[in-house]
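Start counting the sequence shown at 1; every next residue gets the next number (the working numbering).
No lab work stands behind these hints: they were computed from the structure. Only a predicted model underlies this, so the values are computations on that prediction, with no experimental measurement involved. Hints are not guaranteed to be accurate.
Each computed EDC-like pair below joins lysine to aspartate or glutamate, with the alpha-carbon atoms no more than 16 angstroms apart [stated by the list, open to error]:
1. LYS108 - ASP40
2. LYS184 - GLU158
3. LYS59 - ASP75
4. LYS183 - ASP170
5. LYS59 - GLU70
6. LYS159 - GLU187
7. LYS186 - GLU158
8. LYS43 - GLU13
9. LYS104 - GLU13
10. LYS108 - ASP170
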Amino acid sequence: MLVLHPTKNKIVECGISVDGTWLRRGYSSMNGCVAALSVDTGKVVNIEIMSSYCPTCRKISKMPRSIESETFAADHVCHSNFQGSALKMEAVGATRIFQCSIVKRGLKYAHYYGKLTDSFIDRLQNYYGIAVRSNVGNLSGLQQNVIAALFHCSSSVEKPMHGQCPIGKDSSCYYQRALSCGKKPKEKYKGLSKVLNMIKPTYLELCTKELPAWQNTKFKRVFKWRYMAESTQGSFRVPQNFKIWCIECCDPIQ
Numbered sequence: 001m002l003v004l005h006p007t008k009n010k011i012v013e014c015g016i017s018v019d020g021t022w023l024r025r026g027y028s029s030m031n032g033c034v035a036a037l038s039v040d041t042g043k044v045v046n047i048e049i050m051s052s053y054c055p056t057c058r059k060i061s062k063m064p065r066s067i068e069s070e071t072f073a074a075d076h077v078c079h080s081n082f083q084g085s086a087l088k089m090e091a092v093g094a095t096r097i098f099q100c101s102i103v104k105r106g107l108k109y110a111h112y113y114g115k116l117t118d119s120f121i122d123r124l125q126n127y128y129g130i131a132v133r134s135n136v137g138n139l140s141g142l143q144q145n146v147i148a149a150l151f152h153c154s155s156s157v158e159k160p161m162h163g164q165c166p167i168g169k170d171s172s173c174y175y176q177r178a179l180s181c182g183k184k185p186k187e188k189y190k191g192l193s194k195v196l197n198m199i200k201p202t203y204l205e206l207c208t209k210e211l212p213a214w215q216n217t218k219f220k221r222v223f224k225w226r227y228m229a230e231s232t233q234g235s236f237r238v239p240q241n242f243k244i245w246c247i248e249c250c251d252p253i254q
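Hey, can you work out the whole structure from these sequences and the hints?
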């Protein structure tokens, strides 16, 4: 993990993770907020509250056009600070947080740690489950298959990592199947190579001889943190479980 340290200009550098939440579940909400959390302390360092709805603007839109309505529109303080779909709120909010970090917070977000998407989490869990069920009583085989699955999922066009996948025309790996047929392999996914070193220790820990039953629960909780955060109800508040390591019985990811 990074350690906060002052620079020559007395601006503190830190790494952050960003996530957003909406007043209503789904992407139809007109209100939401984006939070930036320090990867060192787990605390919220900045928050951007966003809304595409203004009750006064709505009222003005229903008024007949006149000098009075135009004056009213010019004098009112608009509560809307975002235009667009709710899906774009998180990206816009993150941009605003980065832009004002030095001026308002005295912080320089030198490192950004992204999050796993729900679909990618499902892929990781699916491959891990297959490796476990296919190697009952075979620890070395389990270790090999789990790591191979991790590299398989983390592979990208720039950095293919299928060297540990089964080879041959009947391989479960699309990359190795293409090679065995003399075709040029094509990557189907964007990969996860940039954060591979952060996830790999967790995978290795799950393959040790001392693996107790609760470790599997720990693994699932770590990779389901985003769903738990998104399901939190309430307006304009940051759920504590936005931190990937704030879930009970789960240690911080090193």
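*asked:* Please list, smallest to largest, the hint numbers that this structure does not respect.
replied: Result: hint 10 breaks, nothing else.
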